[in-house]
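Trainee: Same order as they appear, the protein sequences are chains U and H.
Numbers 1 to 247, taken from this note's numbering, label the letters of the first sequence in order.
Numbers 1001 to 1138, taken from this note's numbering, label the letters of the second sequence in order.
Don't take every hint at face value.
Unchecked claim - Straight-line Cα separation of at most 25 Å, SDA-like style, residue types lysine to any residue; simulated pairs:
id	chain 1	residue 1	chain 2	residue 2
1	U	Lys70	U	Lys239
2	H	Lys1087	H	Glu1035
3	H	Lys1083	U	Cys98
4	U	Lys239	H	Val1114
5	U	Lys223	U	Pro149
6	U	Lys24	H	Glu1035
7	H	Lys1032	U	Gly63
8	H	Lys1032	H	Lys1083
9	H	Lys1032	U	Ala187
10	H	Lys1100	U	Lys223
Simulated from the structure, these hints should not be mistaken for laboratory data.
Note that the structure is a prediction, hence the values are computed from the model and not measured.
Here are the chains, one letter per residue:
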Amino acid sequence: MNSALILIAFAGLAHAQWLDYPSKNIPRKADGKPDLTAPAPRTPEGHPTIDGLWVADDSRHLGNLAVDTKEVPFQPWAEQLFNERRAHPGRDDPEARCLPQGVPKVNTLPYPFKVMSMPGETVILYEMFYLYRQIFTDGRDFPKEFLSPSWMGYSIGKWEGDDFVVTTAGVNEDFWMDSIGHPHTSALKVTERFHRSDVGHMQVNVTIDDPKAYTKPWGAVIKQHLVPDSELLEFVCEKNLDPQHFK
Amino acid sequence: MRVMKTLLPLLVAGWIPLTAHHSFTAEYDSKKPVELKGTLTSLEWVNPHAWIHMEVKDETGKATKWDCELGSPNLLLRNGWRKDSIKPGDVIIVNGSAAKDGSNIANAKTVRLVDGTRVFNAGSSGDPGTLGAPAGQP
């Protein structure tokens, strides 16, 4: 039995041999492993930094953004559309055709994202589908008009205490907010509060404010963990054969 | 025994059909488990899902073509796979779930070489949510 299992080549065993270049600036324990419960590093300005490679703890909110919400305050048309989408799971999901996940769904994916802060701007690179966001932190407001609504929208960010608060508007209506199919309109405004509690853990409090689709704001808390000693891999969604299997 | 302890939770984790960038339940039936033993024709190493193309012979020697969906190449890489981990001509055993529509398509959960030397988590039933899914990762 053992001989059949000696050369196992997956998960933890091989993981250590792949993409394991040690990250700098991560506190380590005596044995060299990252100290993921050490206090979050802080900038000279005094707030935590959220720079680094992160990934959602699980896929619960990817499946259903409202998984922890008692009652989603749908507008009637939105509920009808939601029910139609649910009746044919995944069939019409734009993501199954390699289209971008959009905001807020990018916070729920099973692939890491890299946060990079610089003066006036924070950039997030998302491994899955090769996406990026530019979050302006130079004090600007939203443009008066969104000439071209987009998948990732227009984001502005600021620090409020220990939270990095990002507001996004100007999204298009071509993506779903989760796999189950919660709809939205271009009136959607998403607020994400990034709160890093220690070196290894961060949560993103998401608020959905879309009065055309929902009678009041609702939201979700998506837990993330640091992915130390690793890097992003290229992920071009080149060829999804799934749609041809949908019935 | 130490190896067994590492392996089992991961296999169990791999059997949970999570929702990822497509709906597992839309295409596959977790109540229709399949075990396919056959010869690898090609490994299609492409995002968002790698695919195994294989030929399975029945008792009479009649060959049938099967396509098995894997996780993404990125996920497979992080789980220890390489593009040449299995090669055309290798005899492999795929365990997974059959397609709902009855076609010769399956969603792979584990892939083994027939001589038992290597076992791969296929990470396909909806891309396990954690990278490499090491059990107990904080």
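Trainee: Please list, smallest to largest, the hint numbers that this structure does not respect.
Mentor: 1, 4, 5, 6, 8, 9 and 10
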